[in-house]
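Visitor: So the sequences go chain by chain: A and B. With our numbering, letter number 10 in the first sequence gets 10, and the count goes up by one each step, no holes. With our numbering, letter number 19 in the second sequence gets 19, and the count goes up by one each step, no holes.
Quick caveat, the hints were computed from the structure, so don't treat them as lab data. A hint or two may mislead.
Computed from the model, here is a short list of chain A residues facing chain B with C-beta under 10 angstroms [what the hints assert, rightly or not]: (1) 112; (2) 114; (3) 170; (4) 181; (5) 185.
Lysine-lysine pairs mimicking DSSO-like chemistry, simulated, CA-CA at most 27 angstroms apart [to be verified]: (6) B:162 - B:111; (7) B:99 - B:111; (8) B:76 - B:111; (9) A:184 - B:99; (10) A:146 - B:209; (11) A:146 - B:78; (12) B:209 - B:72; (13) A:146 - B:72; (14) A:184 - B:76; (15) B:32 - B:3; (16) A:184 - B:72; (17) A:146 - B:76; (18) A:74 - A:47.
All C-beta atoms in this analysis are idealised placements derived from N, C-alpha and C, irrespective of residue type, glycine included.
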Amino acid sequence: MENVVLKGTQNGYEINISDTSNFDSDINEFKNLMEQLSSGKELGNTKQFSFDVFTGNRILTGAQKQELREIVSKYPQMSIRRFMADVVTTSEAYRIRDLNKVSVIGKTIRNGEEVMVKGDVLFCGAIHEGGKLLAGGNVYNLGYVKGIVHAGFPNDEEALVIGNLNDAQQVRIGEQFDIVSDNKDRMSENSRTVIYINDLHTIEYGNLDEIKNISPKFYNRIGGTE
Amino acid sequence: MGKAIVITSGKGGVGKTTTSANIGTALALMGKRVCLMDLDIGLRNLDVVLGLDNRIMYDIVDVANGRVPLQKALVKDKRFDDNLYLLPAAQNTDKTALKEDQVKEIVDELKPQFDFVLIDCPAGIEQGFLNSVAGADSAIVVTTPEISAVRDADRIVGLLGKHPLKETPSLIINRVRPSMMDDGDVMDVDEITHHLGISLLGVVVDDDKVITTSNHGEPVVLDTDDPASTAYRNIARRLLGETVPLMKIKPQKQGFWSKFKHVFTKN
Chain A
1 MENVVLKGTQ NGYEINISDT SNFDSDINEF KNLMEQLSSG KELGNTKQFS FDVFTGNRIL
61 TGAQKQELRE IVSKYPQMSI RRFMADVVTT SEAYRIRDLN KVSVIGKTIR NGEEVMVKGD
121 VLFCGAIHEG GKLLAGGNVY NLGYVKGIVH AGFPNDEEAL VIGNLNDAQQ VRIGEQFDIV
181 SDNKDRMSEN SRTVIYINDL HTIEYGNLDE IKNISPKFYN RIGGTE
Chain B
1 MGKAIVITSG KGGVGKTTTS ANIGTALALM GKRVCLMDLD IGLRNLDVVL GLDNRIMYDI
61 VDVANGRVPL QKALVKDKRF DDNLYLLPAA QNTDKTALKE DQVKEIVDEL KPQFDFVLID
121 CPAGIEQGFL NSVAGADSAI VVTTPEISAV RDADRIVGLL GKHPLKETPS LIINRVRPSM
181 MDDGDVMDVD EITHHLGISL LGVVVDDDKV ITTSNHGEPV VLDTDDPAST AYRNIARRLL
241 GETVPLMKIK PQKQGFWSKF KHVFTKN
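For reference, chain A alone in the conformation it holds in the complex (with noise of 0.2 angstroms):
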């Protein structure tokens, strides 16, 4: 009959809830949980008692979530720090993978075209003058660009744009942007060109040689060590 039990773990207290029982009599038993917990004995001198709710293979819907903090509430002293689930729901699923991916594009982007990719982008296309590659993450460029390249839309600033943009018209990185054609001189020749924003929160040219100065957190993801 122990379907809801307090743990604690390396990171604090925890409540496991399981996730093969019925809802609602795990509502009634979190609530007695609660009532002998405040009732001070378990928890002896502390004074605040925040834990994590845990719920194995089971996801809590927004109104289960919202009807456990309810009951907390009503003890002063008690707050749930975060809900933890051995799963996701596949849109989550699908919006985590997106997020991380990398998206091979090899189409061309003409004039007035727009395309909008959410993870990181490894362009191996053509962008003509007046066509717009958007990109959530990076862009590895391996393509020919003339138009406009946006890296980290709408405004992650740490996004890197890397490769040849010599004859690009514009580069965006967040909210920044840079005309390229007034930075000619900044940029090398070939295609190992780092463009990202530095601590100025200005556009900047760099080389990959210098990556682990410029990137350190894409320097560890790529494999890069001490």
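Go by the hints and put chain B onto chain A.
Guide: Then chain B, alone, in the frame of chain A:
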């Protein structure tokens, strides 16, 4: 308070955009503050002719929908101090993205800030044309000496007559080839002006340099020696109220050798 002038033609490819860019540049060179407005939404070109295409951040549709303030969408042409600005058209939508009253509102906001607002009208007589004339005080009708262009110009003059602007429209005859006019192969300047029944603002000769300069993003008026350039400058001066006589259009005299060649090619 500035004046809003729409540059229109009905027919495509007669040189509306080139005319807009060159008159605008000429006026800016004379120290007037000019805003060029591109209303050819979906097929914008004015930015390319002016060499400003890689500086566009926002466009007229962004302004009309309240996404950005007008000042943010204006692209400044650095070559002319603070005199020449471009309000670019959107490229990822079509003419129906704007309504007449939205354009009128933008033109009314621009007029106090500039001496001239030149509106580059798209070809056709649909929404794009209606948008372009909505905020204008006067119109310049551009035509070439071809019958089809004159026909379309006639239609435009008629439409402008039905919904009159503050001033009557005036005419620019573009791409005139003096030799053909001289030989009577095409309608001549007087014929066209008389046929359309509006005042003649200027005549521009057909000139290869107009194309080469456009391709480099530099309007031909920046070249002082060119005949087409002089014609555009004269048009600008007439717009400022000066009385400038029409240039003589002289056919190029045929030299001995070209006459010689002509004899052979005829056979």
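Visitor: Evaluate each hint against the coordinates.
Guide: Here's how the hints hold up against the structure:
no. : hint          : result
1   : 112           : holds (4 angstroms)
2   : 114           : holds (6 angstroms)
3   : 170           : holds (6 angstroms)
4   : 181           : holds (6 angstroms)
5   : 185           : violated (16 angstroms)
6   : B:162 - B:111 : holds (24 angstroms)
7   : B:99 - B:111  : holds (19 angstroms)
8   : B:76 - B:111  : holds (16 angstroms)
9   : A:184 - B:99  : violated (40 angstroms)
10  : A:146 - B:209 : holds (26 angstroms)
11  : A:146 - B:78  : holds (22 angstroms)
12  : B:209 - B:72  : violated (33 angstroms)
13  : A:146 - B:72  : holds (24 angstroms)
14  : A:184 - B:76  : holds (20 angstroms)
15  : B:32 - B:3    : holds (12 angstroms)
16  : A:184 - B:72  : holds (25 angstroms)
17  : A:146 - B:76  : holds (22 angstroms)
18  : A:74 - A:47   : holds (15 angstroms)
Hint compliance for this structure: hints 5, 9, 12 are broken, all remaining hints hold.
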